[in-house]
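Visitor: Here are the chains, one letter per residue:
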Amino acid sequence: MAGMKTATGDYIDSSWELRVFVGEEDPEAESVTLRVTGESHIGGVLLKVVEEIKRKQDWSDHAIWWEQKRQWLLQTHWTLDKYGILADARLFFGPQHRPIILRLPNRRALRLRASFSQPLFQAVAAICRLISIRHPEELSLLRAPEKKEKKKKEKEPEEELYDLTKVVLAGGVAPALFRGMPAHFSDSAHTEACYHMLSRPQPPPDPLLLQRLPRPSSLLDKTQLHNRWLDSSRCLMQQGIKAGDMLWLRFKYYSFFDLDPKTDPVRLTQLYEQARWDLLLEETDCTEEEMMVFAALQYHINKLSQSGEVGEPTGTDRGLDDLDAALNNLEVKLEGSASTDVLDNLTTIPELKDHLRIFRPRKLTLKGYRQHWVVFKETTLSYYKSQDEAPGDPIQQLNLKGCEVVPDVNVSGQKFCIKLLVPSPEGMSEIYLRCQDEKQYAHWMAGCRLASKGRTMADSSYTSEVQAILAFLSLQRTGGGGSGNHPQGPDASAEGLNPYGLVAPRFQRKFKAKQLTPRILEAHQNVAQLSLSEAQLRFIQAWQSLPDFGISYVVVRFKGSRKDEILGIANNRLIRIDLAVGDVVKTWRFNNMRQWNVNWDIRQVAIEFDEHINVAFSCVSASCRIVHEYIGGYIFLSTRERARGEELDEDLFLQLTGGHEAF
Amino acid sequence: MSVFQMDQLSDEEIDHGAEEDSDKEDQDLDKMFGAWLGELDKLTQSLDSDKPVEPVKRSPLRQETNMANFSYRFSIYNLNEALNQGETVDLDALMADLCSIEQELSSIGAGNSKRQITETKPTQKLPASRHTSKHGTLKGLSSSNRITKPSHANYSLDDITAQLEQASLSMDEAAQQSVLEDTKPSVTNQHRRTASAGTLSDAEVRSISNSSRSSITSATSSMDSLDIDKVTRPQELDLTHQGQPITEHAISLRCSSKQAKHHIDFTEEQAELTPHSYLDRETSLLLRNIAGKPSHLLTKEEQAAKLKAEKIRVALEKIKEAQVKKLVIRVHMSDDSSKTMMVDERQTVRQVLDNLMDKSHCGYSLDWSLVETISELQMERIFEDHENLVENLLNWTRDSQNKLVFMERIEKYALFKNPQNYLLGKKETAEMADRNKEVLLEECFCGSSVTVPEIEGVLWLKDDGKKSWKKRYFLLRASGIYYVPKGKAKVSRELVCFLQLDHVNVYYGQDYRNKYKAPTDYCLVLKHPQIQKKSQYIKYLCCDDVRTLHQWVNGIRIAKYGKQLYMNYQEALKRTESAYDWTSLSSSSIKSGSSSSSIPESQSNHSNQSDSGVSDTQPAGHVRSQSIVSSIFSEAWKRGTQLEESSKPQVPNEKASTAEVCTPAAAKTGSS
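Sequence lines, in order, name chains L and F. Mapping of the first sequence onto my numbering: residues 1 to 663, in sequence order. Mapping of the second sequence onto my numbering: residues 1 to 672, in sequence order.
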């Protein structure tokens, strides 16, 4: 059509030459020149380009990018005139999906293809579908922080890069499960490994690395992260991202909908990892006690994932297990009747009798540990001056039901103490039992723990409890609880318990490893029964219940104020915080919000709340687009309902978070 | 003393001289085992009706005089037998039997007990204190059950032995003993022993239902021929057979079974029938193999095995259910009267409250609460609805002055009626639209984790052992209560943990201005529930005003109980609403969830409403009886069928019990 010539070679139609570069924004890329008119459709142009290139290839993913306007020409039925393209337009014919490197919440790198032409919201949704994370609306991408020039180019350890660029997903449908993972992961050993990386918690980080990584020292530092968020309503290409760039994938909105360990292994794990790093890098502050619980949970999670106990007992239903246990019980009783010994064992609740050293802390006493004859029967602990006096009255008898049992152990120092806090009507009695060796300790400790729950040593869990305690002690030995000055590498810490990899660096400075270990162990006994996903869930819940959880900080200047202040954005409220002191000045809840407006020219956000409360501020540390998107995003997330299931109202999201190009 | 502490073990209270205490614990275990097997035995008993029990096997044992280890020996003996015979057991018959027992029991037992109450009423005007002393035997007896649950059963055998040895009892003693004896089958059958401790009538009622049950159970083939009349009047029986109460009574129990037996037979029988192996070894192996397989892949045998397993599970459930501890408690009403009632160890505070509301015709309201007052420490606490009542009451000491009070307390659910005053951490009370309240509650309690309100501020902390108070800046977090050390900033990393909440409950202190020279009267106390006396482990905090007090107490409740608290509220709301429908406006004290005011101004807002809104002539329609087997039956059943059924026989009974309210010590058995 276009390109009709006269005999002299002049073009008689209004056609002109259009140069299209082939490839991704590379100035030296090969180019083809087409003859087009203003009425040419984009689809026709695409066809011509492919013809000109004369190469057999699947061009279906390719589209034209208009560099000057930073725009994809995706409407194939539009004409060049409608787009306003003239001969001077620099057009690139390139793939819409390009590889990027994602830094996942667990800090591992994953290469995959992401859409460079769709709005980021859709691109993230596609990524999340690929790595099987539900509710992609909670996540977004951040630019990687600019690397400061390393002094002397420190030897960065070669990190493993997982690659999912070759995996193609059938569009739309949720991937079916195959061999316990989404089917597209089960193609090759590599993708399988990738799935394991995604769905299993990583071992604790190297404590040295932890100390080296940047940590926020003030609220101001915490605002830095947030100016790196990408814009959800524009595509990656428009935001200057190039193929092969590194981007961070993070949970952006701290409102986690319908967390389900069964269907969400990757989501749960990545969320756990983000929470863990958040705490380890002191992004969210917590108290010492809370840190110990977090450390214990991390230790427990790591232990479970190391030992491969990932699979939850899914096949057998719980009731049948109970029944089995009951039947076993019955069966043993019946079978055992052949020999009376066995029956004796069954009908007598095991007792512990031994010489132990006992210490009872009292005011104004200097007495230390004293040797006693101690009898532990059912849930009651009695001690006597000597074995001979055992038939008589004990010096003291304590029913351990409901008591607190605290281990006080130092393996290298051969100290095996059990601290008991026994409640009684008169108060708590405190008593320390000192055992001679690990074996004795394990038996008594297991007995005490069961007794505190009102169970006796006849309980079927007794032996496993003893074994668990012994295993624990051996871990401490190998884990080098004492070698506090030499934190080990990640490999060593995976085997033993290196407490420094589990706590934030400020606790590394505050405590020696051998001080930390017993405290973590103490906290651990409360969580030792949890399964992997339960422990992760518990970790996330504990993280969520921290007062500072889920607040994104930006520096703003309120209208009429002359100093910078911090605006905290949480999932249900906005918080005005004094920048210098860190005190909360005022809180506004989204529930009371009437409307918010953004003046893009003067970069000001104005919010109206119920009862005619008006707030206006300009954004300093991040663009007002980010604040706007946070607020709109949280409003959007609060509209989600269980009934609606998985489908996303994308339009609503973009309506709430976008808007600035529209004007 | 308002709760009969029959679960406190005290050896001297056990009145049976014959019982040796020295090696009691050793025997316990044997007995426990025996009794457990005894349970099974009951269930299997009717399995092979075509195969009558051979009396021959029993005869050598009959001569045993030292019967302490009876059950133990029998168990072994029969275990061998069962294994040798390798007989299989008809599980269907077993289940049918269990069901019929259950039904019979619930109908007969309930019916009889009601009749019994009216009969025995005149005899029980004894004040409660006298009851306890007079029935010290019973009390001690049941108290010995405490240590381990399964051991409830054991004493029965022991007791029987003791009884046998005490053949030369005086007349009334014998009569009394026979009442006691009456309860024994109950123990072995259903472990409702503590019941006997309450009051005379109580014991009797129990005994009747129990004996009826035991006769049902023991009747091997002719269940229909059971002479209920005889069984329901044990007193008469006892009077006629005073001479040898135990033996004779045993006969009466077994009147319908084929062989009339000596009393010993009864004991023997329990042990003897015991140990039929439910599952032969192959079956259990099969079961283990099929675990986890989808059902359509199973072979016929496997399916059969699974079916079998299912049945056994149900049977085990029932056995479990039978071993329920009960406690007779006295509940003080807000009008200074009191009620005695029985609670079993599984009951939650909510269930007890429902019971009490039914019985006291006080109308349904969210605010009805069970309040524990510890007078020695001058503190009180509203029990949470999900808490287990018996568990809490067992923390009281024997000679405790503690009281359990049934009263309306608006602070119980004020948190949910006006959440804006508690959840937003604001200093001033405010009004809020109902819709926003709901949103706020949902936001706080229905997320993936519960948001603990940010409560912080200066409180007074009492020094240990002194009557002096120091100011400190406290903060509430989900992980516990913290304070800011002197000279430090109010940031997380500097906080010092004051208390973690796992092991403590929060109480309101009363009149600490006088007792401990507290700066104000708005005190809260944190202590381990087991601590009942002054101790350094009790922490006292004092707030400047009542609002702060309530904010802290509710904040601590949220941190401690989380979502459960909200569920309790919704459950209570549901009850109230459904009750409201039933009583058709007859009750004045109903409050809608969101209509009432802001933070209560006074913490002890007694209302003497218990009798005001409702008269005695109120239709018995909303009276729900707490069924013995309630947990088995669905909610629908409760509200539907049972409502109709139970209302009929209960009308006279209800009247009787309302009359009893006037005499505080009067025993009230209801239909439980």
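Treat the hints loosely; a few may be bogus.
[Claimed, not checked] One-sided excerpt, in silico: chain F residues whose CB lies under 10 Å from chain L:
#1 Gln401
#2 Thr429
#3 Asp434
#4 Glu443
#5 Arg477
#6 Lys486
#7 Gly487
#8 Ala489
#9 Val496
#10 Gln510
#11 Ala559
#12 Gln570
Quick caveat, the hints were computed from the structure, so don't treat them as lab data. Note that CB positions come from ideal geometry on N, CA and C, so glycine has one too.
Visitor: Does Gly487/F pass the interface hint, meaning its C-beta sits closer than 10 Å to a C-beta of chain L?
Guide: 16 Å, violated
Visitor: Is the interface hint satisfied for Val496/F? The criterion is a beta-carbon contact with chain L at less than 10 Å.
Guide: 8 Å, holds
Visitor: Less than 10 Å between beta-carbons is the criterion; does Ala559/F satisfy it with respect to chain L?
Guide: 8 Å, holds
Visitor: Please check whether Glu443/F passes as an interface residue: C-beta within 10 Å of a C-beta belonging to chain L.
Guide: Because about 6 Å separates Glu443/F from the closest Cβ in chain L, which is inside the 10 Å limit, the hint holds.
Visitor: Does the nearest C-beta of chain L fall within a distance shorter than 10 Å of the C-beta of Arg477/F?
Guide: 6 Å, holds
Visitor: Quick one, is the Thr429/F hint okay against chain L at 10 Å, beta carbons?
Guide: 16 Å, violated
Visitor: The hint names Ala489/F as touching chain L; please verify it with the least Cβ-Cβ distance against 10 Å.
Guide: Nearest chain L Cβ about 8 Å off; hint holds.
Visitor: Quick one, is the Lys486/F hint okay against chain L at 10 Å, beta carbons?
Guide: 17 Å, violated
Visitor: Holds or violated: the hint that Gln401/F contacts chain L, with Cβ atoms closer than 10 Å.
Guide: 12 Å, violated
Visitor: Interface hint check: Gln510/F, Cβ to nearest Cβ on chain L, cutoff 10 Å. Holds or violated?
Guide: Since chain L brings no Cβ nearer than about 19 Å to Gln510/F, farther than 10 Å, the hint is violated.
Visitor: Report holds or violated for the interface hint on Asp434/F, using the least CB-CB distance to chain L and a cut-off of 10 Å.
Guide: 13 Å, violated
Visitor: Would the stated hint for Gln570/F survive a check requiring a Cβ distance to chain L of less than 10 Å?
Guide: 17 Å, violated
Checked against the numbered hints given earlier, this structure breaks hints 1, 2, 3, 6, 7, 10 and 12; the rest are met.
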